[in-house]
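Engineer: So you can see what is in the structure, the chains are spelled out below.
There are 2 protein chains.
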Amino acid sequence: MELLKQRIRRDGIVKGTDVLKVDSFLNHQMDVALFEEIGKEFQRRFAGCGVNKILTIEASGIGIACVTAQFFHCPVIFAKKSQTKNIAGEVYTTKVESFTHGKVYDVIVSKQFLSARDRILIIDDFLANGAALEGLIDLVDQAGAALVGAGIVIEKAFQPGGDRIRGQGIRVESLARVQSMSEETGVEFVD
Amino acid sequence: MELLKQRIRRDGIVKGTDVLKVDSFLNHQMDVALFEEIGKEFQRRFAGCGVNKILTIEASGIGIACVTAQFFHCPVIFAKKSQTKNIAGEVYTTKVESFTHGKVYDVIVSKQFLSARDRILIIDDFLANGAALEGLIDLVDQAGAALVGAGIVIEKAFQPGGDRIRGQGIRVESLARVQSMSEETGVEFVD
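Listed in order, the protein sequences are those of chains E and C. Start counting at 1 in the first sequence, then tack on 5, and there's your number in the working numbering. Start counting at 1 in the second sequence, then tack on 5, and there's your number in the working numbering.
Incorrect hints may appear among the rest.
The list cannot tell twin chains apart, which means a pair is met if one copy fits it or any two copies do.
Said to hold, decoys possible - Straight-line alpha carbon distances no greater than 30 angstroms define the calculated DSS-like cross-link-like pairs of lysine-lysine that follow: (1) Lys20 - Lys116; (2) Lys116 - Lys86; (3) Lys108 - Lys45; (4) Lys10 - Lys20; (5) Lys10 - Lys26; (6) Lys116 - Lys26; (7) Lys100 - Lys116; (8) Lys116 - Lys10; (9) Lys86 - Lys20; (10) Lys108 - Lys20.
In short, the hints are calculated from the structure, not lab data.
Between the sequences and the hints, there should be enough to build the whole structure, so can you do that?
Structural biologist: This is how it looks when you write it as structure tokens:
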């Protein structure tokens, strides 16, 4: 998605060779006009797939998921990160390791809102090592729901998550795939 | 806002006399079509106030804030809950006590995204004891930004936060003000 790549080139800040800060428009300050274009593009790519619910994970996926859901005319559920013990039976639970924060979270979704009748599109801001996305996929599997695919805003294609998850036969659509980055030369995209 | 009150009456679940669960449409599963109506109503109430940025707090405020921002044509910033020590100088920090989780969080916003040039509308899903809202107001004050007011989806008017904050001269617009609730009689609204 060219508009997004331009924005990353212009406003993204590269630290070292693997940190890309996009908090001026994506995940701290949020440019909702850009989110509308992102939502339209996800809708274009997953049109006709029968998506009836979007699943994301708190916190930075929520804004993108909600704006995207307007184009699918469906609700959003966000999986919650929890460090508290949950009541068995009421929620689907999975574990997600955050490499950024050096923690393992329990990630939960209420069983009420995810069922075998659902056709789920997962939306998230970043895909790198794939831990968060695999956690969300596990929640969809536990519910017996159909997974239509995952829509990712920025994929760090030099990290293993995207290839591993595509290797499981899951459709992953990333709007900007970063091949490499450096503080000197900036961001290089795949293609 | 009548549509919202109807939805709360229909789908809200009252536990005891002070817990109102609205996680089927507001803060776990999110009905973005309802959020559009909420956003329009906030825009109607704060039209002409020169809002150039919306401030909210993770996680459940983010979806409502993003959809609302589409009607104001402005970006959103979400304040982050952090239990890690932050680098002095780069962020505004305040402390917020969560009564639900029995914890005190540091809540932070990058100084880059909040400044004396901004006219801020705060958006959040709930107002009860007022701790989260007062934290957000403190962040706006630290930045020297102008606070236009706060737009709240559901206010528990029987808890002290709303009155205390209005008593400081701050404009608080709540779309549904709950006067009392019980498992037997459901939710009663102010007015």
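Engineer: 30 angstroms Cα cut-off: does Lys108 pair with Lys20 within a copy, between copies, both or neither?
Structural biologist: within (22 angstroms within a copy, 33 angstroms between copies)
Engineer: With identical chains, the pair Lys116 and Lys26 could be close in the same copy or across copies; at 30 angstroms between alpha carbons, which is it: within, between, both, or neither?
Structural biologist: between (34 angstroms within a copy, 15 angstroms between copies)
Engineer: Quick one: Lys86 to Lys20, C-alpha cut-off 30 angstroms, is that within a copy, between copies, both, or neither?
Structural biologist: Answer is both; intra-copy 27 angstroms and inter-copy 23 angstroms each pass.
Engineer: One pair to classify: Lys100 and Lys116, alpha carbons no more than 30 angstroms apart. Within, between, both, or neither?
Structural biologist: within (16 angstroms within a copy, 33 angstroms between copies)
Engineer: What label fits Lys20 with Lys116 when the C-alpha limit is 30 angstroms: within, between, both, or neither?
Structural biologist: Classified as between: cross-chain Cα gap 19 angstroms, same-chain 40 angstroms, threshold 30 angstroms.
Engineer: Go through the copies and call it for Lys10 and Lys20: within, between, both or neither, with a Cα cutoff of 30 angstroms.
Structural biologist: within (17 angstroms within a copy, 48 angstroms between copies)
Engineer: As a check of your reading, is Lys108 near Lys45 (CA-CA no more than 30 angstroms) within one copy, between copies, both or neither?
Structural biologist: Classified as neither; 34 angstroms inside a copy, 39 angstroms across copies.
Engineer: Should Lys10 paired with Lys26 be assigned to within, between, both, or neither, using CA atoms and 30 angstroms as the limit?
Structural biologist: Within one copy, since 14 angstroms is at most 30 angstroms while 40 angstroms is not.
Engineer: At most 30 angstroms between alpha carbons: which applies to Lys116 and Lys10, within, between, both or neither?
Structural biologist: So Lys116 and Lys10 pass the 30 angstroms test across copies only (25 angstroms; inside, 37 angstroms).
Engineer: Regarding Lys116 and Lys86, is the shortest C-alpha distance of 30 angstroms or less found within a copy, between copies, in both, or in neither?
Structural biologist: both (15 angstroms within a copy, 26 angstroms between copies)
Going through the hint list in order, the structure does not satisfy hint 3, though it satisfies all others.
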